[in-house]
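A.B. asks: For reference, the chains in residue letters:
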Amino acid sequence: MAGPVEPDGPAQPDGPAQPDRQVEPDSTARPGGPVEPIVETRDLHKSFGENQILKGIDFAVNPGEVVSVIGASGSGKSTFLRCVNLLEWPTSGQVLYHGRDVLARGYKVTNYRTKLGMVFQQFNLFNNLNVLDNCVIGQVNSLGRAKSEARERALGYLGKVGMERYVEAKPRQLSGGQKQRVAIARALSMEPEALLFDEPTSALDPEMVGEVLSVMGELAQSGLTMVIVTHEMAFARDVSDRIAFMDGGVIAEEGPPAQLFGAPEKERTKEFLARFHAG
Amino acid sequence: MKKLIALGLLTLAAPLVLVACSGKAEPVLKVGMEAAYAPFNWTQHDSSNGAARIEGGGWAGGYDVEMAKLVAQDLGREVVVVKTSWDGLIPALESGKIDVIMAGMTPTEERKKAIDFSDPYYKSDIVIVVKADSKYADATSLADFSGARITAQISTTHYDTFLPQIPGVKKETAAQDFPTMILQVKTGKVDGYISERPGAMSAVASNPDLAFVAFDEGKGFDVEESETSIAIGLKKGSDLLAPINRALAKIPDDKREDLMKQAVDNQPAPTDEATDDLGFLGWVGYVVKNYWRWLLQGVGVTMLLALSGTVIGVALGLGVGVVRTIPADKQSAGPVKRVLLKAVNILLAIYVEVFRGTPMMVQAMVVYYGLGMAFGINLNVLVAGLLVVSINTGAYMAEIVRGGIQSVDPGQTEAAKAVGMKHWATMRGVILPQAIRNILPATGNEFVINIKDTSVLMVIGTSELFFEGRTIDGILYQTFPVYLLVAAIYLVLTFTTTRLLRLFERRLDGPENFTLATSSTTPESIIRTGDENYGRTR
Chain A
2 MAGPVEPDGP AQPDGPAQPD RQVEPDSTAR PGGPVEPIVE TRDLHKSFGE
52 NQILKGIDFA VNPGEVVSVI GASGSGKSTF LRCVNLLEWP TSGQVLYHGR
102 DVLARGYKVT NYRTKLGMVF QQFNLFNNLN VLDNCVIGQV NSLGRAKSEA
152 RERALGYLGK VGMERYVEAK PRQLSGGQKQ RVAIARALSM EPEALLFDEP
202 TSALDPEMVG EVLSVMGELA QSGLTMVIVT HEMAFARDVS DRIAFMDGGV
252 IAEEGPPAQL FGAPEKERTK EFLARFHAG
Chain B
14 MKKLIALGLL TLAAPLVLVA CSGKAEPVLK VGMEAAYAPF NWTQHDSSNG
64 AARIEGGGWA GGYDVEMAKL VAQDLGREVV VVKTSWDGLI PALESGKIDV
114 IMAGMTPTEE RKKAIDFSDP YYKSDIVIVV KADSKYADAT SLADFSGARI
164 TAQISTTHYD TFLPQIPGVK KETAAQDFPT MILQVKTGKV DGYISERPGA
214 MSAVASNPDL AFVAFDEGKG FDVEESETSI AIGLKKGSDL LAPINRALAK
264 IPDDKREDLM KQAVDNQPAP TDEATDDLGF LGWVGYVVKN YWRWLLQGVG
314 VTMLLALSGT VIGVALGLGV GVVRTIPADK QSAGPVKRVL LKAVNILLAI
364 YVEVFRGTPM MVQAMVVYYG LGMAFGINLN VLVAGLLVVS INTGAYMAEI
414 VRGGIQSVDP GQTEAAKAVG MKHWATMRGV ILPQAIRNIL PATGNEFVIN
464 IKDTSVLMVI GTSELFFEGR TIDGILYQTF PVYLLVAAIY LVLTFTTTRL
514 LRLFERRLDG PENFTLATSS TTPESIIRTG DENYGRTR
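As given, the protein sequences belong to chains A and B, one line each in that order.
In this text, residue positions in the first sequence follow the working numbering: the first is 2, and each later residue adds one.
In this text, residue positions in the second sequence follow the working numbering: the first is 14, and each later residue adds one.
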């Protein structure tokens with residue numbers, strides 16, 4: 002397991018001055034008031050044939066919130082995240098976007114997906130496009146932005162992740178850490194309401210984990226809404242407003258980092274965390 | 014690439030326009046013949062000695078042509094020769110591609126079941142062509158050929174009726190044409206072949222090492238008059254029969270003999286001193302010097318067919334491949350769309366299986382002759398050839414494209430979905446560019462295969478390289494030098510093509526390195542460069 006990143010000193014990405022642009026969350030409201038969640042799932046089930054992966058998940062993420070989803074391999078974390086933006090189609094249950102059921106027939110799924118950015122474990126950069134175009138194609142195709150505008154925004158976000166000097170590079174010419182930073186810039190370029198991270202550092206060599214986590218740390222501080230499936234416990238504790246612990250296809254326990262890591266209530270949570278502390 | 018396609022289509026359209034125009038001239042008599050059976054008919058490269066125009070290029074001369082001209086004159090028509098392989102003559106007549114067959118054809122009982130025949134326009138006797146220095150050269154009766162290995166042309170009375178009459182003969186496999194049999198005799202593969210006297214005269218004239226054996230009355234083949242005479246083939250019930258017979262009746266026997274003698278003298282086989290001492294290389298040089306125009310035309314047609322066929326086939330294959338990978342699951346398609354997709358998929362699967370599972374040569378016969386017989390659709394040979402090559406390539410490419418699409422990492426599709434891209438946008442902007450790069454080597458392979466495989470189109474008389482080679486061989490009877498030259502040309506074509514495709518692939522991959530943007534590269538300059546549209550529909 003890679004070492005956790007320093008929580009209070011996210012390294013400045015290299016490169017020239019940051020653009021002025023800030024990632025603007027839709028709402029600055031932090032949990033506390035009666036806010037409407039951006040995305041909510043109710044009694045979400047997912048099976049692959051006989052194999053039941055998700056067994057009823059109730060979950061919500063509010064504007065500006067950073068939620069980390071932890072749990073053992075095979076507990077359903079990634080499947081859950083993929084069900085949220087419908088890369089997997091839930092077997093039953095509801096996925097609500099601002100209260101509207103996105104599983105309903107006739108609902109524009111492609112439109113919904115543009116509101117949720119996704120960062121994959123395997124980066125999934127478009128291999129045929131260079132770094133800049135990776136961040137432009139979605140904007141032009143799905144949001145109908147003019148190319149010049151799309152390029153300008155893409156450059157801004159590439160600057161934010163310290164990759165603006167690599168605009169001409171093809172994905173195969175980049176290291177894993179660089180790829181993942183570009184993937185984050187690609188997701189940000191769509192200016193989504195929330196960003197989903199599916200184990201963003203699991204495919205990285207240990208020495209590259211830091212650069213990606215520091216970028217994510219900055220994003221969390223800027224107020225972006227994030228759902229992060231991760232094995233990086235220290236990072237999760239430091240950046241999250243809330244931790245959800247998944248076990249056997251359900252959310253076994255949920256709460257603020259201090260509570261979940263400091264005084265977990267459930268036996269399974271304790272066992273899981275004990276294995277990490279032991280290492 | 015776009016220019017190439019445009020060029021291809023343009024060259025493709027040219028013969029169509031020509032064909033369309035030719036329809037307006039004075040009434041023509043379309044005469045079918047091999048134009049490779051001297052002295053009855055042959056191909057030559059100019060109009061000397063009263064040769065007639067061959068549809069699609071070149072000139073035909075010979076006894077058949079001279080007789081055709083006399084008959085056509087009487088009918089008030091102009092002769093146009095349609096060069097057709099022997100086996101294709103009757104189908105061509107039945108499908109209306111030609112009006113008459115004048116190809117040294119004997120009116121046998123079997124043929125009479127399929128087509129009608131005029132009165133005979135030549136009578137001859139049956140001889141055996143042998144090597145001049147063989148023991149059979151002095152034979153005087155059929156019995157002298159006991160134990161000899163003898164062949165004759167496929168689907169002829171020579172092979173079916175006369176050959177079995179030789180007592181104790183070793184019957185060899187039937188041959189496709191006379192040049193082949195001449196070569197077989199010269200190389201000792203067979204001891205002799207059966208021929209009409211005029212054909213034998215020509216063969217011996219151009220091959221001094223051959224001789225032919227004729228037989229006295231009663232010692233030779235048991236021949237019905239109808240079996241040695243030749244007649245004009247007509248479609249069953251054709252109203253041309255009576256006028257043609259009237260025209261033939263006006264041509265007396267001595268005139269016919271004169272024409273046959275002229276034909277034997279005029280045939281283009283190089284019997285003169287210029288070719289007497291030509292060795293193997295000399296013959297190659299002779300072919301290049303005298304027939305380079307034909308070979309070049311053959312190369313042109315071959316490359317046109319291979320290139321346009323591959324381009325159209327790839328486009329077809331891309332279309333089919335993309336349609337066959339449209340997701341048909343419940344989330345991405347409504348019930349109507351799903352049923353529709355399923356039906357289309359079944360049709361496309363049938364298309365792929367049928368055209369992958371049958372020989373292109375057979376497809377060519379079906380498309381060219383079959384469409385004519387069944388629906389009266391008469392395609393120009395070049396168009397028919399192109400059609401066959403294209404749909405054949407399309408069937409192969411469809412599967413290659415499907416594989417190419419499936420070989421692209423599914424993560425690419427997921428990432429495209431995650432930024433809200435729809436199926437077609439994802440295909441155009443992300444998947445197809447990668448799939449096409451993946452299938453490029455296979456596409457090049459298809460192209461090279463097409464260059465070679467267009468040679469099967471000679472069965473419908475498409476004048477591609479192999480067909481031209483056959484024609485030259487039919488004139489010179491120099492099988493080895495001619496085909497070796499043709500083989501060398503094919504090799505040059507395929508080798509050059511492979512190299513060019515490799516170069517193209519490397520260019521497509523782009524440079525190994527990239528340049529880092531420096532402080533002098535302003536964001537504005539990056540934003541303004543390039544004009545790709547990322548697969549977005551305008």
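One thing to keep in mind: the hints can contain errors.
Listed next, with one range per pair, are the computed distances between beta-carbon atoms [unchecked claim]: (1) A:Ser149 / B:Leu521: 24 to 32 Å; (2) B:Arg450 / A:Asn52: 29 to 37 Å; (3) B:Arg450 / A:Ala264: 52 to 60 Å; (4) A:Gln222 / B:Arg450: 55 to 63 Å; (5) A:Arg173 / B:Asp100: 49 to 57 Å; (6) B:Leu521 / A:Asp206: 38 to 46 Å; (7) B:Lys350 / A:Asp206: 40 to 48 Å; (8) A:Ala264 / B:Asp522: 27 to 35 Å; (9) B:Phe388 / A:Asn52: 15 to 23 Å; (10) A:Asn52 / B:Arg520: 44 to 52 Å.
List time: in silico DSS-like cross-link candidates among lysine-lysine, alpha-carbon distance up to 27 Å [claimed, not checked]: (11) A:Lys116 / B:Lys435; (12) A:Lys109 / B:Lys202; (13) A:Lys148 / B:Lys350; (14) B:Lys350 / A:Lys109; (15) B:Lys148 / A:Lys109; (16) A:Lys109 / A:Lys148; (17) B:Lys126 / A:Lys109; (18) A:Lys56 / B:Lys430; (19) B:Lys355 / A:Lys116.
Read the hints as simulated data drawn from the structure, not as lab findings.
A virtual CB, placed ideally from N, CA and C, is assigned to each residue, including glycine.
A.B. asks: If you check the beta carbons of Leu521 of chain B and Asp206 of chain A, does the distance land in 38 to 46 Å?
C.D. replies: violated, 30 Å
A.B. asks: For the pair Phe388 of chain B and Asn52 of chain A, does the Cβ-Cβ distance stay inside 15 to 23 Å?
C.D. replies: Hint violated: Cβ distance 55 Å, outside 15 to 23 Å.
A.B. asks: Is 24 to 32 Å a correct range for the gap between the Cβ atoms of Ser149 of chain A and Leu521 of chain B?
C.D. replies: holds, 27 Å
A.B. asks: Against the 27 Å threshold, does the CA-CA distance of Lys126 of chain B and Lys109 of chain A hold or violate the hint?
C.D. replies: Between Lys126 of chain B and Lys109 of chain A the Cα gap is close to 69 Å, so the pair fails against 27 Å, i.e. violated.
A.B. asks: Straight-line Cα separation of Lys355 of chain B and Lys116 of chain A no greater than 27 Å?
C.D. replies: Given that 27 Å is the threshold and the Cα spacing comes to 33 Å, the pair is violated.
A.B. asks: Within 27 Å, alpha carbon to alpha carbon, are Lys109 of chain A and Lys202 of chain B?
C.D. replies: violated, 76 Å
A.B. asks: Taking the CB of Arg450 of chain B and the CB of Asn52 of chain A, does the distance hold inside 29 to 37 Å?
C.D. replies: holds, 36 Å
A.B. asks: Taking the beta carbons of Ala264 of chain A and Asp522 of chain B, is their distance inside 27 to 35 Å?
C.D. replies: violated, 57 Å
A.B. asks: Take a look at whether the Cβ-Cβ distance between Lys350 of chain B and Asp206 of chain A falls inside 40 to 48 Å.
C.D. replies: holds, 45 Å
A.B. asks: Against the range 44 to 52 Å, how does the distance between the Cβ atoms of Asn52 of chain A and Arg520 of chain B compare: consistent or not?
C.D. replies: holds, 47 Å
A.B. asks: Would you check the hint for Lys148 of chain B and Lys109 of chain A, treating anything up to 27 Å between C-alpha atoms as holding?
C.D. replies: Not OK: Lys148 of chain B and Lys109 of chain A at ~91 Å, beyond 27 Å, violated.
A.B. asks: Holds or violated: Lys56 of chain A and Lys430 of chain B, Cα atoms, limit 27 Å.
C.D. replies: holds, 25 Å
Hints 4, 6, 8, 9, 12, 13, 15, 17, 19 from the list above are not met by this structure, while the remaining hints are.
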